[in-house]
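Those protein sequence lines, which keep their order, are chains A and B.
Residue 63 in the numbering used here is what sits at position 63 of the first sequence, and the numbering runs on without skipping anything.
In the numbering used here, each residue's number is its place in the second sequence (first place is 1) plus 304.
Be careful, since some hints might not be right.
As the list claims (entries may be wrong) - With a straight-line cut-off of 20 Å between C-alpha atoms, the simulated EDC-like cross-links for lysine to aspartate or glutamate are:
1) Lys436(B) to Glu194(A)
2) Lys471(B) to Asp426(B)
3) Lys193(A) to Asp654(B)
4) Lys457(B) to Glu197(A)
5) Lys377(B) to Glu194(A)
6) Lys457(B) to Asp378(B)
7) Lys407(B) to Glu197(A)
8) Lys193(A) to Asp506(B)
9) Lys436(B) to Asp469(B)
10) Lys377(B) to Glu197(A)
11) Lys457(B) to Asp497(B)
12) Lys193(A) to Asp469(B)
13) Lys457(B) to Glu334(B)
None of these hints come from the bench; they were simulated from the model.
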Amino acid sequence: MTMTTAAAAAGQIGRARYGSISRGRRRALFWSYFFLILFVIFFLTPPVYMFITSLKSSAEISAATNPWWVYHPTLSNYIDLLTQNQFLIFFRNSAIVSICVVSITMVVSIFAAFALARMRFWGSATLATGVFLTYLIPESLLFIPLFKTFAYIHDKTGIELINHWWVLIILYPTLTVPFATWLMIGYFSSIPKELDEAALIDGAGYIQMLTRIFIPVAIPGIIAAMIFSFTVSWANFLYPLAFTTSADQLVLPVGIVTTLIRGDVYAWGQIMTGALLGAAPPLIIYAFLMDYYISGLTAGATKG
Amino acid sequence: MAQVALRNIVKMFDRTPAVQGIDLDISDREFIVLVGPSGCGKSTTLRMIAGLEEATSGEIYIGDQLVNDVPPKDRDIAMVFQNYALYPHMTVFENMSFGLRLKKFPKPEIRERVQAAARILDITNLLDRRPKQLSGGQRQRVAMGRAIVRNPKVFLFDEPLSNLDAKLRVQMRTEIKKIHQTVTTTTVYVTHDQVEAMTLADRVVIMNGGRIDQIGSPHEVYHKPRTQFVAGFIGSPTMNFLPCRLVENGAGLTVRLSDWLALPVPPSREARYRPRVGQEMIFGLRPEHIREGRGDMPPGSAAFDARLDVVEPMGMETMVYFIVDGVEVCGRVDPAAAGNVGESMRLVADLNQMHLIDPRTEVVI
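Please build the complete structure, drawing on both the sequences and the hints.
Okay, here's the thing in structure tokens:
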């Protein structure tokens, strides 16, 4: 209260002296809040609805009551899902795939970006553009040739790649590496050239230059690339849908949809619960790394 | 400690020559300044000594070792960059000790060396800070500290003061000179500022268009410039250049600058200039050698009257400008003696300091 009164008093004085500026500022604030609230409503409605539904029993979901209110809250959906071995397998598969994909992506893209940004070699500029262009090819165009490739590998070597969850560890980097590399190229390019020259003179080799100068300086960019590749590998739907079929080989997004929808029977309560639980890890990671993520994206963009 | 030698160094960027055959011998403990306008190849030369650029042809020696194919880290050099190039994620201590840590020096020795360098530079209280918490001058000190702790054979400075404001630049210039008197490592210093070059250097190397125009002590390049470029580049305000004709005047010689102005050549110069009689030449005289006319006239001087076009009071002296056949000429006079614009003023030219330049070769005779 004291703060609001103090602010109001300050506003009074301000208005007396600089009427138009304070009015302009208030109008700007009004509109920014207006759109922010609109935005929040638009984006928070689905998760809120999911949360409400996840607390209802199947009977209440199908009953013609107010969908925005829980009359008989229950945790049965959560208990059912978390005691089901299947759901935990999906979760485990997703977690292992994502962690491996993030690791592979970061190793490949950091080295690639360092080489493309700093070691001038024949065709490096073309290659850098090429890396980005591959990112523009939609995955829906890629999965059929990939399927054919896997079949060919099976014919020639006998190694079966289809219907194994771990094959996603090979597949997802095709989506994450190009963008992560492109992001890192931008970030590494923004590091002044004199910094590597100073390191070179101080006695660093290329590997030391990368590990002791580039990676620490580019941490925000690296975190941005990590979040990006984690999100892609956690949430991708098309590849696991196409390449895995057995229930024990599924990852979370496909697992929820294929096991909780039986024919035309939708286990809505459990679907919502599963989706909510599945969305939790990225949410937690975002919350922790948000500051880095933002500075990473903007620093890369403005070169500096 | 080591001498540095460059033998016929050429550097081409694609097909554009940046450095066109440079020979330079730098002796042990010498402070050499490479100076010239931008694009003259001075920074490229420095970067070739550092090993950051490869010489297209020629030989570079540090000590007695041919270093053309030696990577920068094995050349035992340290470099200070224009934009400091401090590692932003490291503290001052870590920045200064980075090279030693890479070379796996024992920790106590690292601490000792950093402390010693920090004392020289007066930054002992900054060792725990990060570069972004430092001012420009402090960052420059840290960059120098990073070079000093390595105790290298050669210091290389690439326009280290260009990013500082004018006052700090003068202060740091003195500082660098003092440090060189303490540390006495062979130093190659690149700048485009001729004042820096004159104040710091044991010898100044003046570069122009990828070539060396002159190598000499500050005194030499100021008083005995070899070319018109050097004569014009060194000194501020720049030397006056006027087209003239050398004519015989009885027993002596005279430089005829215009219908109304002809100046007698001092007898000591007559023998040198006589073969050029009758030729079109360029007459060069520094503003500080055109003074106000007083009672006594030293030998070799000539007095004349000129109508002042512009008068610039600088405090301790006043610049007066007058026109000779369409060319603006500057003189430096006592503020008390300076006339007003539009008025005629009596001036004295000290012709013992004059230069005569061949307009075709641009070489000072």
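Right, here's what the structure says about each hint:
As the CA atoms of Lys436(B) and Glu194(A) are separated by approximately 16 Å, the hinted pair is consistent with the 20 Å bound. Between the alpha carbons of Lys471(B) and Asp426(B) the distance comes to roughly 18 Å, so the proposed pair stays at or under 20 Å and holds. Of the supplied pair hints, the one linking Lys193(A) and Asp654(B) is violated, its CA atoms being roughly 50 Å apart against a limit of 20 Å. Restraint check for Lys457(B) and Glu197(A): satisfied, since their Cα atoms lie roughly 18 Å apart, inside the 20 Å limit.
Between the alpha carbons of Lys377(B) and Glu194(A) the distance comes to roughly 15 Å, so the proposed pair stays at or under 20 Å and holds. As the CA atoms of Lys457(B) and Asp378(B) are separated by approximately 11 Å, the hinted pair is consistent with the 20 Å bound. Annotation: proposed proximity of Lys407(B) to Glu197(A) holds, straight-line Cα distance about 17 Å (limit 20 Å). Restraint check: the Cα-Cα separation between Lys193(A) and Asp506(B) comes to about 31 Å, which exceeds 20 Å; the hinted pair is violated.
Pair hint Lys436(B) plus Asp469(B) holds up; C-alpha atoms about 18 Å apart against a cutoff of 20 Å. Taken as a hint, the Lys377(B) and Glu197(A) pair is honoured in the structure, with Cα atoms around 10 Å apart against an allowance of 20 Å. Between Lys457(B) and Asp497(B) the alpha-carbon distance is near 25 Å, which puts this suggested pair outside the 20 Å criterion. At roughly 23 Å between alpha-carbon atoms, Lys193(A) and Asp469(B) are farther apart than 20 Å, so this suggested pair is violated.
A C-alpha spacing of about 12 Å is found between Lys457(B) and Glu334(B), which places the hinted pair at or below 20 Å, so the restraint holds.
Comparing the model with each numbered hint stated earlier shows that hints 3, 8, 11 and 12 do not hold.
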